[in-house]
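J.: Read off the chains here:
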Amino acid sequence: MENGTITYTQLLREDLGIFRVTPDGEVPDFKAGQFLTLGLPLDSKIVNRAYSITSSPQNKNFFEFVIRWVRRPLPGRLTSLLFNSKEGDKISWAKPAGNLTINDTLPNGEKDTRRIVCIGGGTGLAPFVSFAQHLHDTNDKREIVVLHGASYVDELSYKQLLTDLENESLDRGKDKWNFKYRAAISRPQEWTNRSWIGHKGRIEQYLRPTDSGKSALEELVGEKITKENTIFYVCGWQGTIDGTMDYLSNKNFVTEKNKREDGSFEVKFESYG
Amino acid sequence: MGMAEEIIAEPNFEKLCSKIIDSDNQIRFAAFVNDKSKILHSAQRDNLDSLLADHEVGMSIHYTLERWRKAQNFTFRLGKERLTFTEYDHVTLVTIPFKGKLLLVSTEPRISYDPIIEKVNSILTNWENP
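Protein chains in written order, with the numbering used here: chain A, 1 to 273; chain B, 1 to 130.
Hints were generated in silico from the structure; no laboratory data involved. Where hints are given, some of them may not hold.
Stated by the list, open to error - Computed list of lysine-lysine pairs in DSS-like fashion (alpha-carbon distance at most 30 Å, straight line): (1) A:K174 to A:K141; (2) B:K38 to A:K159; (3) A:K86 to B:K70; (4) A:K159 to B:K36; (5) B:K101 to A:K200; (6) A:K45 to B:K38; (7) A:K141 to A:K251; (8) B:K70 to A:K200; (9) A:K200 to B:K119; (10) B:K99 to A:K159; (11) A:K200 to B:K36.
This structure is a prediction, so every number in the text was calculated from the model and none was measured.
Whenever a hint applies, use it, and build me the whole structure from the sequences.
T.: See below:
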């Protein structure tokens with residue numbers, strides 16, 4: 001394990017926070033969408049846990065994470081330590097790993113120019129914040145759509161960053177930077193969400209055909225979603241993965257884990273539950 | 001499917017609220033809410049002015065559920081929450097978890113609560129035959 005320092009903490013809610021870890025040495029090369037294993041001491045042992053990195057690989061100053069402090073049925077040990085830590089505390093980390101990374105080439109070796117649609121449930125947004133910043137920083141010309149689902153409006157971490165990226169797309173023109181961001185709130189009837197006028201329901205319902213025959217996603221991008229023009233990345237609870245696949249399986253989309261004999265696929269996912 | 005199974009599947013919240021209101025004339029209001037802030041049923045004693053405006057009722061339920069959710073974070077150490085009291089100058093709020101829902105009861109302030117809680121708990125214990 002390498003050494004680093006917690007250099008920034010921001011609580012969005014009592015149980016949701018943004019944390020930055022600055023390595024003692026350099027931030028190593030990694031791919032957008034990967035995770036980092038963090039470690040803190042507890043009872044003379046080091047407790048480890050992996051968290052998806054939200055910062056861009058181009059950011060060589062620190063790793064950033066958005067972390068939910070789940071406490072039921074039992075509070076996670078490392079996450080509890082993190083939420084009790086202070087800026088300046090030392091922390092250990094292991095090299096980045098993980099396969100939920102951006103597909104840049106097709107099985108035939110050609111460049112993958114398909115639209116990228118990212119579906120994140122809760123803190124399952126994390127790898128896609130890294131995707132978005134990386135694709136922006138590398139001047140990627142693909143169309144990118146980030147869809148974020150949450151129960152409450154104050155769980156919409158990175159709303160400002162992602163909205164700014166969409167506004168930049170509108171300002172510069174989609175031939176230069178083509179980015180869209182939409183969020184959905186699954187408990188619109190609750191008092192906290194009383195001002196929400198965006199999409200209501202589960203985020204994967206963006207893929208459900210409406211009365212017009214088109215899905216909300218198709219309305220957003222202005223064309224029919226096919227396995228030839230779009231690749232999906234999904235991260236969240238298993239329910240989010242299953243809900244997404246309920247819609248995509250009907251369109252003959254297949255996941256990387258069940259890819260065709262020729263190596264082709266249209267969905268990559270990572271589940272944390 | 002037998003009749004007993006149907007009855008066990010879902011308590012009759014309307015009858016339970018009615019029975020709780022009728023159990024003691026110091027009880028002003030009773031309601032069951034689920035963990036998504038939906039009021040499953042509520043009942044208020046006749047001829048009483050509501051102390052809260054409609055939008056304040058939603059806010060009050062939100063605060064109550066927030067507190068309930070956070071209290072459950074200690075279940076692994078302290079066991080299940082059974083009862084809370086919040087006594088204001090003008091009203092006392094009682095919450096009792098019940099079958100994954102939350103029973104909200106308001107009473108007149110500064111009264112003897114034990115008999116009321118005994119009556120409400122008895123009604124809940126016998127919920128299959130409200």
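J.: Check the structure against each numbered hint from earlier and tell me which ones fail, lowest number first.
T.: 6, 9, 10
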